[in-house]
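Enquirer: Just so you know, the protein sequences line up as chains A and B, in that order.
Start counting the first sequence at 198; every next residue gets the next number (the working numbering).
Start counting the second sequence at 11; every next residue gets the next number (the working numbering).
Incorrect hints may appear among the rest.
Some chain B residues near chain A, calculated using beta-carbon distances under 8 Å [said to hold, decoys possible]: (1) ASP67; (2) PHE101; (3) LEU121; (4) VAL126; (5) ALA183; (6) VAL218.
Sample of chain A residues with no beta-carbon within 10 Å of chain B, all distances over it, derived [what the hints assert, rightly or not]: (7) ARG207; (8) ASN208; (9) THR273; (10) SER391; (11) THR508; (12) THR514; (13) VAL584.
No lab work stands behind these hints, which were simulated from the structure alone.
Virtual Cβ for every residue (Gly too), placed ideally from N, Cα, C.
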Amino acid sequence: MFKLVKIAVRNLLRYKRRTLLTSSLIAVGVTFVLVFVSSSSAFKNLMISQITDSMLGHIQVHKQGYMASIDSLPLTLNLSPKNMKKLEKAINSAPGIEAFSPRIKFAGMFSNFMETTNIRINGVYPDKETAVAPLLPGRVKEGDKIIKKNEIFIPELLAKGMKVKLGDTIVIIATNRDGSVNGKQFKVGAVIESVTGPGGRDGYMHIDDAKELLRMEQLEISEIAIRLSDFDKLHNVRAGLMSALSEETNKAGKPIFDVRTWEDLSPFYNVARMIDIMTFFIKLMLIAIVLISVMNVMIMAIFERIREIGTMAAIGTKPGKILFLFLIEGFFLGVFGTIVGIIFTSLATYAINAVGVSFNFGRQVGLVLSPRLEMGQILLISGIVIVVSVLAALQPAFKASRMEPINALRHV
Amino acid sequence: MSLISAQDLTKVYTLGELQVEALKSVSFTVEPSSFVSFVGPSGSGKTTLLNLVGCLDRPTSGSLTVAGADISSLSRREAADFRGKNLGFIFQDFNLMPVLTVYENVEYPLLVVQNVAAAERKERILSLLDTVDMLDQKDKYPDQISGGQKQRVAVARALVTNASLVLADEPTANLDSKTAFMVIDIMHKMKDELGVTFVFSTHDRKIVSEVETIYTLTDGMITGKAAGKGGRHV
Ligand SMILES: Nc1ncnc2c1ncn2[C@@H]1O[C@H](COP(=O)(O)OP(=O)(O)O)[C@@H](O)[C@H]1O
Ligand SMILES: [Mg+2]
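Can you build the whole structure from these sequences, using the hints too?
Expert: See below:
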């Protein structure tokens, strides 16, 4: 066994150039895939955290039916205090939730006393909102970081378009759920940067102001945004929350609450999916490269060593051992290629991080791509390459093991 | 009991339409601890015969017993097993493994074929290498030694498993006559010391005087049996 390993390795070293060529081909493939995987997942994760942390949250809960008409921000599909109690109880009982932020969402008119335009507003508890969307304070271009009462945060596009500056007084007019109109003066507390994704161009005000403006007798919440302590547990937490809420049905027996992850809420999810699909195909290409190159080199090796194989067989080496010998050679080609590939990849990612590749996405500029090598991916790719190398050697090795020694010995 | 007993062995090769009768009803016996050669011109059937005795090929008809076993119809695996346990091979082109040293080449059959304890293994290899006078070359690779030296290593390799029968198909064909005599001499010495039977083929009449029994093969038939002078090693 150990002896076979020694023979295999020496045979690989005997054809140094060919071994080097094949394993560098594998190494280049591994490097390409790992760099692509780590860059694309860095891009994906950066975008997801930008989207979830600046506005969306990881999970949102609405009243059933709200999502269907979210474009009009209906006030008739809000959650009553009674429902909110139930929901908070479920949130507190479900594991993995770090923070949640109730929001009143509504559409209103924004007036600077000369012109009027539309605006979408979130009424929030400032501290809760910051806990769910930690990037929100960072979006403030000028002004307060934290929302105060009687103040409004407006998106910069609106500020520009309406020629409104920090500290100006403006009026928000909104229609409440019964159809009556109310207006209220606000001071511009901050101008915030727009971000990609739904709600990226909304304004913010204190939830008490929203309640007053909309003349709510009791607080009615449009949406609860939730932040998880571990983003990777997204689907588990959602399932936990769903099961905690499964009892809560209305009179018709339909569920009251609608629990959605960011994936249902942001169109970027489709981009993320595309990236995953591309990654999958790139891995397939790697498999093809490894398969073809290892198979090719093994077929050559076996053809050149027919007489040696014949000798081994004549001396009494069992077919299984001959098979094994060539499988080990394939295995080491894969291992060697993988190791070199991982070294290349480390250098390449180090270089990308050192150079500082930045990109723009939508209105967000200067996002820095910082690929990191993930152990899981390294193990996965190494595993795939090594297994495929052994599989590629299997057919030629099987042929070698089935050779008749007399025919093999006669071969010149 | 005879070590080899062949009765009416025939071997027919089929080449498309053509049937080549390589052996035509060959019968002979070889006693344990003897030194036998088959002599004949190229194409007379020497390789075919040794392949049959060596369990590398099956006879078309006839019976063949080697070391007490009927080997005319073994499976691939059984044949490999039988070869590993009972037979040693020496080839015309030496056929050492190029990636293994002299020592490792001799060691190979022990590791791959038989399980022998490490200490005994080492002792056996070293003593055989000493007998074939290759001990000082034991760490060299085959491409660093001469043809005669390679064939001596091959002799050691054939003997290391304590085979009862060593088959050598034209072991001297690629050697100059001086070296050829030396190799035959070593084989003979081993036969005397270890009681191993050597059966070898050659087309070279000059070297067979060393041999105890000489069979002459012509067109797939045994056409003569003679006694040689049975060695002259010093
Ligand atoms: N595999 C084979 N297929 C067809 N004919 C063969 C084969 N092996 C040997 N022969 C024929 O059998 C005869 C004996 O060959 P061989 O045993 O190799 O003789 P030698 O070793 O004495 O030169 C020759 O005519 C040869 O052409
Ligand atoms: Mg021949």
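Enquirer: Is the shortest C-beta separation between B:ASP67 and chain A less than 8 Å?
Expert: holds, 5 Å
Enquirer: Test the statement that A:SER391 is away from the interface with chain B: the closest C-beta pair must be farther apart than 10 Å.
Expert: holds, 67 Å
Enquirer: Next item in the hint list is B:PHE101. Is there a CB on chain A closer than 8 Å to its CB?
Expert: holds, 7 Å
Enquirer: Would you check whether the claim that A:ARG207 is not at the interface survives, using Cβ distances to chain B and the 10 Å cut-off?
Expert: Non-interface label on A:ARG207 violated, nearest chain B Cβ at 4 Å vs cutoff 10 Å.
Enquirer: Run the C-beta distances from A:VAL584 to all of chain B and say if the shortest one exceeds 10 Å.
Expert: Non-interface label on A:VAL584 holds, nearest chain B Cβ at 26 Å vs cutoff 10 Å.
Enquirer: Taking the minimum C-beta separation from A:THR508 to chain B, is that value above 10 Å?
Expert: violated, 4 Å
Enquirer: Holds or violated: B:VAL126 as interface residue toward chain A, Cβ cutoff 8 Å?
Expert: Interface hint status for B:VAL126: violated (13 Å vs cutoff 8 Å).
Enquirer: Would the stated hint for B:ALA183 survive a check requiring a Cβ distance to chain A of less than 8 Å?
Expert: Violated: closest Cβ of chain A sits about 14 Å from B:ALA183, beyond 8 Å.
Enquirer: With 10 Å as the threshold, tell me whether A:THR273 passes as away from chain B on beta-carbon distances.
Expert: holds, 81 Å
Enquirer: Non-interface claim for A:ASN208: all C-beta distances to chain B beyond 10 Å?
Expert: The claim breaks: A:ASN208 does not keep its Cβ more than 10 Å from every Cβ of chain B (closest is about 5 Å).
Enquirer: Against chain A, run the beta carbon of B:LEU121 and see if the smallest gap drops under 8 Å.
Expert: With a closest approach of 5 Å, the B:LEU121 hint holds.
Enquirer: Given B:VAL218 as an interface hint, is its Cβ closer than 8 Å to any Cβ of chain A?
Expert: It is violated, given that the least Cβ distance between B:VAL218 and chain A is near 23 Å, above 8 Å.
The structure is inconsistent with the numbered hints 4, 5, 6, 7, 8, 11 and 12, although it conforms to all the rest.
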